[in-house]
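Visitor: Assemble chain B onto chain A, guided by the hints.
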Amino acid sequence: MSLSGMPVLNLSGIRKDFGNHQVLSIPEWSISEGIYWIQGENGAGKSTLFRVLAGMLPFSGQVVLDGSVDLRKDPVKYRLRVTLGEAEPLYPSFLTPADLVEFMVRTRKATSHQARDLMDRFGITSYQHQPVGACSSGMVKKLSLALSFLGAPRLIILDEPLITIDREAGETLFGLIKEYREQSVTFLISSHQVFTSGAIGLTRSFHLKNKDLVPAD
Amino acid sequence: MHTLFRSTVGEFYRQRAGFFLIVILLAFGFLSAREHVGIAVFLLADKYGMISLAIVWVLYTLMAQIFWNALWSSPGYSFVYHARLLPAARRFSWLGVLAAGFLIPPLLYGAWIVNVALGEGIFDRSIPVLCIWAGMWLVLILWANRKLSNQDTAVSKKNVPAALRFKRPVSWVFWTLEWLLREKSLTLLLCKAGSLLFTITTLAYYGTDDYDLRLPAIGLSMAVLANIGLSYEVFHWETNIWPWARSLPISFLTRTGRLILVHFLLLAPDFLLTIRYGYHLLGFDEMSKIFFLQLSVLLWYHSSLYKEKPLLEDSLGAVFILFIVLTVLILYSTPLVLLAAALLAGGFLNFYRRT
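Chains as they are written, first to last, in my numbering: chain A, 1 to 217; chain B, 1 to 355.
Here chain A stands alone, though its shape is the one from the complex (with noise of 0.2 Å):
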């Protein structure tokens, strides 16, 4: 059955507060396959939302994937077809790209073959046994986006990922996210920077405002 008419991710009752201070409420929220943007003010929560989406924090509600893999039920098959490029991505420091992409192939069941191809691109290969501690952000964040398009993931969320990038890193970025999507990947992606449709094929873009996602067209 194609996937298309069905929700990739649907959310329902999400809250997550720390403390006593709310950071999302979210009633109801759900997309089909594409390309989105997630806007939204410093600080409005988008960083957090995407943790909750990847598995990092706890929080109320329910994540579902495809109309039945459920977060809370099915974690690890939930976690295996969702990947989170972070916005500043921490790696302990004595650690290689290389441990990272060898742990990353045996966790997400990827091959090394797609390792290797990802680390080509981004230009990773040069540096793959410098220890992360020794990276300069830009190097990091390459790494940390190349990690988030290895396995089958079936929706790719990537936090301000043109943020310390070269030109020619967002170019490949592009280029994979284009890639990917034939391959009916889905992405959230957050940016300050505003995305042209053109580039990527924007599906939609939404805001988070007042702690909730609404429709920013």
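If you are wondering where the hints come from, they were derived from the structure by calculation, not from laboratory data. Every residue gets a Cβ at the ideal spot worked out from N, C-alpha and C, and that includes glycine. Mixed in with the good hints there might be a few duds.
Example chain B residues on the side facing chain A (calculated, C-beta under 8 Å, incomplete) [what the hints assert, rightly or not]:
no., residue
1, Ala-163
2, Arg-165
3, Arg-168
4, Val-170
5, Trp-175
6, Glu-178
7, Arg-182
8, Ile-241
9, Trp-242
10, Pro-243
11, Trp-244
12, Ser-247
13, Pro-249
14, Ile-250
15, Leu-312
Guide: Only chain B this time, still in chain A's reference frame:
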């Protein structure tokens, strides 16, 4: 001044809280008041006393200086270099306060030694204590002033971790232990030193008379508490150092199993030492039961951390209560395996509910 003090000295005590906690636990939990006085008298009266004190204090000052240097070399601390624009008198007074802040523990211990010297009627012997402290204080001030004048050396250096001589295994357990060894080596050293000392003392005492299994069970349960600093660091590694790893498709059971293995490996030296010192006192089955109890205590503590991401000091209350309850239950001859299984089950449920 307030900002500088909070961001520099405050950060030192915040980041080194685990270290100071262990030192305090060792000093006040392991040594009696009489032994403290004995050490102070040794430092004052023995010909090597002052040299020993000076060596320990210099090592402490070196630790503080390394931390201070690293902190002021981090990009977020470039603002401190504005302090060099201050008039010399004010700048040195500020640096003096900062240096004194770093040296509070030796200052307090120095005051204790002077107090003992007064009590023993040998005050003149304590004068070098004040001189050593003042010397360290001046060295820190002069170094900090030099650091302020060399900002260009500050933000340009990058701390590159040393590479391994072999291919790093792709293993979360290995990476966790490697991180502990690289980043938390002092905590690792002190925690293990503390627990191993407790273990040896317990077994030595156990060998002095005809006691039953309850004595080593209580003693070694106490010994395992010296490892809670390490368990806390493992929690810190898992939740703060790279929380992104939580988004990986790893099952709950795998994650639990890895944490059990890490704790098992952390306690393995204790078990080996128990065998080394207790093989003629205890049967292997008895040692295994006690080790199972130790492991369960540590895992229960670890699981309790996931409740509200507490600070280490906030989690100590629960440990204290657990130890009292455990002691009472052991004294009432509750089977150790039953206690360990109950703690393990409780820890498992804690972890399941909170992660």
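Visitor: Next step is simple, just say for each hint if it's right about the structure.
Guide: Quick rundown of the hints versus the structure:
Annotation: Ala-163 (chain B) was flagged as interfacial toward chain A, and the flag holds, the nearest CB pair being 7 Å apart, inside 8 Å. At a threshold of 8 Å, the smallest CB-CB gap from Arg-165 (chain B) to chain A is about 13 Å, leaving the interface hint violated. Against a cut-off of 8 Å between C-beta atoms, the interface hint on Arg-168 (chain B) holds, since the closest Cβ of chain A lies about 5 Å away. A cut of 8 Å between beta carbons decides the hint on Val-170 (chain B): the least distance to chain A is about 5 Å, and the hint holds.
With its C-beta approaching chain A no nearer than about 7 Å, Trp-175 (chain B) sits inside the 8 Å limit, and its interface hint holds. The interface hint given for Glu-178 (chain B) holds, since its Cβ lies 7 Å from the closest Cβ of chain A, which is under the 8 Å cut-off. Annotation: interface hint on Arg-182 (chain B) holds; nearest CB of chain A at approximately 6 Å, less than 8 Å. The closest approach between the C-beta of Ile-241 (chain B) and any C-beta of chain A is roughly 6 Å, which is under the 8 Å cut-off, so the hint is satisfied.
Evaluation of the Trp-242 (chain B) hint against chain A yields a held restraint, the C-beta minimum of about 6 Å falling below 8 Å. For Pro-243 (chain B), the interface hint holds, since its Cβ comes within 8 Å of a Cβ in chain A; the closest pair sits about 6 Å apart. Satisfaction of the interface hint for Trp-244 (chain B) is found here, the shortest Cβ-Cβ separation to chain A being roughly 6 Å, below the 8 Å cut-off. A cut of 8 Å between beta carbons decides the hint on Ser-247 (chain B): the least distance to chain A is about 4 Å, and the hint holds.
Evaluation of the Pro-249 (chain B) hint against chain A yields a held restraint, the C-beta minimum of about 4 Å falling below 8 Å. A least Cβ separation of about 6 Å between Ile-250 (chain B) and chain A falls short of the 8 Å threshold, and the interface hint therefore holds. Interface restraint check for Leu-312 (chain B): the shortest CB-CB distance to chain A comes to about 20 Å, outside 8 Å, so the restraint is violated.
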